[in-house]
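2 protein chains.
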Amino acid sequence: MRIGMLGTGMVGAGLSTKLVQLGHEVKMGSRSGDNPKAAEWAGKAGKNASTGTFAEAAAFGEMVFNCTHGADSMAALKMAGEQNLSGKILVDVANPLDFSTGELKLTVSNTDSLGEQIQRAFPGAKVVKTLNTMGVEVMVNPSMLPGEHVAFMSGDDQGAKDKVAEVLRSFGWKSVIDLGGIKSARGAEALLLLWIHLYGKMPDGRFNYNIVRAKQ
Amino acid sequence: MRIGMLGTGMVGAGLSTKLVQLGHEVKMGSRSGDNPKAAEWAGKAGKNASTGTFAEAAAFGEMVFNCTHGADSMAALKMAGEQNLSGKILVDVANPLDFSTGELKLTVSNTDSLGEQIQRAFPGAKVVKTLNTMGVEVMVNPSMLPGEHVAFMSGDDQGAKDKVAEVLRSFGWKSVIDLGGIKSARGAEALLLLWIHLYGKMPDGRFNYNIVRAKQ
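In order, the protein sequence lines correspond to chains A and B. With the numbering used here applied, the first sequence corresponds to residues 1 to 216, in that order. With the numbering used here applied, the second sequence corresponds to residues 1 to 216, in that order.
Derived from the structure by calculation, the hints contain no laboratory data. One thing to keep in mind: the hints can contain errors.
The list cannot tell twin chains apart, which means a pair is met if one copy fits it or any two copies do.
Claimed, not checked - Cut-off 30 Å, straight-line C-alpha distance, at most; resulting in silico cross-link-like pairs (DSS-like, lysine-lysine): (1) K37 to K163; (2) K183 to K47; (3) K47 to K105; (4) K47 to K215; (5) K105 to K44; (6) K44 to K201; (7) K174 to K215; (8) K174 to K78; (9) K201 to K163; (10) K201 to K78; (11) K18 to K215; (12) K18 to K88; (13) K105 to K183; (14) K88 to K201; (15) K44 to K183; (16) K78 to K215; (17) K201 to K47; (18) K174 to K201; (19) K201 to K105.
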């Protein structure tokens with residue numbers, strides 16, 4: 001599959017490398033199109049890796065990943081262009097984090113979410129919120145953690161969620177919980193308010209959530 | 001130990017029954033002091049169970065539990081009286097839920113929490129936020145779920161958290177994660193925004209979170 005990757009940070013690079021390893025073609029987009037981190041990634045990742053602007057990456061992708069910082073996501077997606085996103089699955093991995101006051105707050109939460117904001121701004125895209133609740137090392141290699149643990153998924157389009165779940169399974173995810181429509185992204189994004197405190201208690205970011213259920 | 005229980009709902013009654021079974025004396029407080037649900041509970045729970053007003057329950061308890069509805073908690077605690085809470089451990093189990101719009105929102109979240117509001121309003125109390133992240137049937141009988149799963153705990157007073165952890169262990173809790181100061185209650189309360197969507201996907205409320213970590 002051709003993948004458009006928006007974002008050149010650790011999450012964008014980690015996901016892009018994994019997707020190329022799995023045989024996909026990935027174009028990593030950035031604001032300028034000649035971002036040095038994107039060029040460095042593409043130089044290492046092989047012939048199925050390329051770079052471009054946000055618009056070029058989005059136009060290239062059959063599926064587009066938003067891995068920009070949450071505070072910058074709307075601007076990045078506008079540069080990607082509605083016409084390049086329309087009809088496509090837009091996998092939203094971003095979190096609306098704000099550390100400007102010295103402690104984490106979310107720029108949107110409780111009665112709205114970044115996932116919903118993106119879906120409203122790009123009604124032609126099929127937004128699927130997922131993978132925002134764990135570090136990138138766990139994201140692309142879930143079997144690094146022992147036992148069962150979960151990835152959550154939210155979105156209004158069931159077919160899009162099914163396709164994203166296939167990609168997650170190809171990463172090694174065995175347990176994917178479909179939380180419901182894109183409104184349920186409020187729950188997945190709110191988890192960051194817990195994650196930040198858990199992270200403070202852990203040696204590193206290699207942990208994740210599991211949901212334990214009663215035997216029926 | 002003498003326990004003051006504020007709240008007569010399912011959570012207050014479930015916790016009170018468990019605490020009496022474990023040998024504690026419990027006074028269940030209500031606004032009027034002659035709440036029929038409290039009287040019914042006390043009638044069944046035996047000689048170590050009694051009822052009274054919020055103030056009588058708080059004065060009675062060496063440890064006080066807030067199991068009122070989150071939206072009513074501040075009013076109930078004011079009726080309990082600062083002088084009856086000062087110097088005591090106040091276990092805050094409440095969630096600031098608001099369903100008035102037909103979908104869940106929190107009355108406080110992100111940059112503040114009910115736990116913090118209570119701690120600010122009653123600086124003499126040692127507030128410990130815990131047990132607000134699961135249904136009461138799991139709360140008082142964690143071994144009903146298979147495998148490991150966790151209770152979170154937040155509070156500024158380490159001695160108070162240690163004593164609450166002892167109570168939790170007596171319920172059967174094997175894994176209690178101390179998230180940090182009372183500010184970390186933001187994370188535990190935000191979990192309700194996820195819980196409500198998980199609950200919609202589950203046959204009933206008998207589920208809970210676990211945190212899976214990398215082997216060191």
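Should K174 paired with K201 be assigned to within, between, both, or neither, using CA atoms and 30 Å as the limit? both (26 Å within a copy, 18 Å between copies)
From the Cα coordinates, with 30 Å as the cut-off, is the pair K105 and K44 best called within, between, both, or neither? neither (35 Å within a copy, 46 Å between copies)
Please work out whether the CA atoms of K47 and K105 approach to 30 Å or closer within one copy, between two copies, in both situations, or in neither? Result: close neither inside a copy nor across copies, 40 Å intra and 48 Å inter.
When no copy is specified for K201 and K47, does a C-alpha distance of 30 Å or less occur within a copy, between copies, both, or neither? neither (41 Å within a copy, 42 Å between copies)
Measure nothing new, just compare the shortest in-copy and cross-copy C-alpha distances for K88 and K201 to 30 Å and report within, between, both or neither. between (39 Å within a copy, 27 Å between copies)
Status of K215 relative to K174 across identical chains (alpha carbons, at most 30 Å): both (19 Å within a copy, 19 Å between copies)
Homomeric proximity label, K18 with K88: Cα distance no greater than 30 Å: within (21 Å within a copy, 53 Å between copies)
Is the C-alpha distance from K37 to K163 at most 30 Å within one copy, between copies, in both cases, or in neither? So K37 and K163 pass the 30 Å test inside one copy only (29 Å; across, 50 Å).
Could you figure out if K47 and K215 sit no more than 30 Å apart (CA to CA) within one copy, between two copies, both or neither? neither (48 Å within a copy, 35 Å between copies)
My question is about K44 and K183: at a cut-off of 30 Å on alpha-carbon distance, are they close within one copy, between copies, both, or neither? The answer is neither: 38 Å in one copy and 43 Å across copies each exceed 30 Å.
Up to 30 Å between alpha-carbons, please classify K201 paired with K78: within, between, both or neither. For K201 and K78, neither the intra-copy (38 Å) nor the inter-copy (34 Å) Cα distance is at most 30 Å.
Up to 30 Å CA-CA - K201 versus K44, copy category: neither (34 Å within a copy, 42 Å between copies)
The earlier numbered hints that this structure contradicts are 2, 3, 4, 5, 6, 8, 10, 15, 16, 17.
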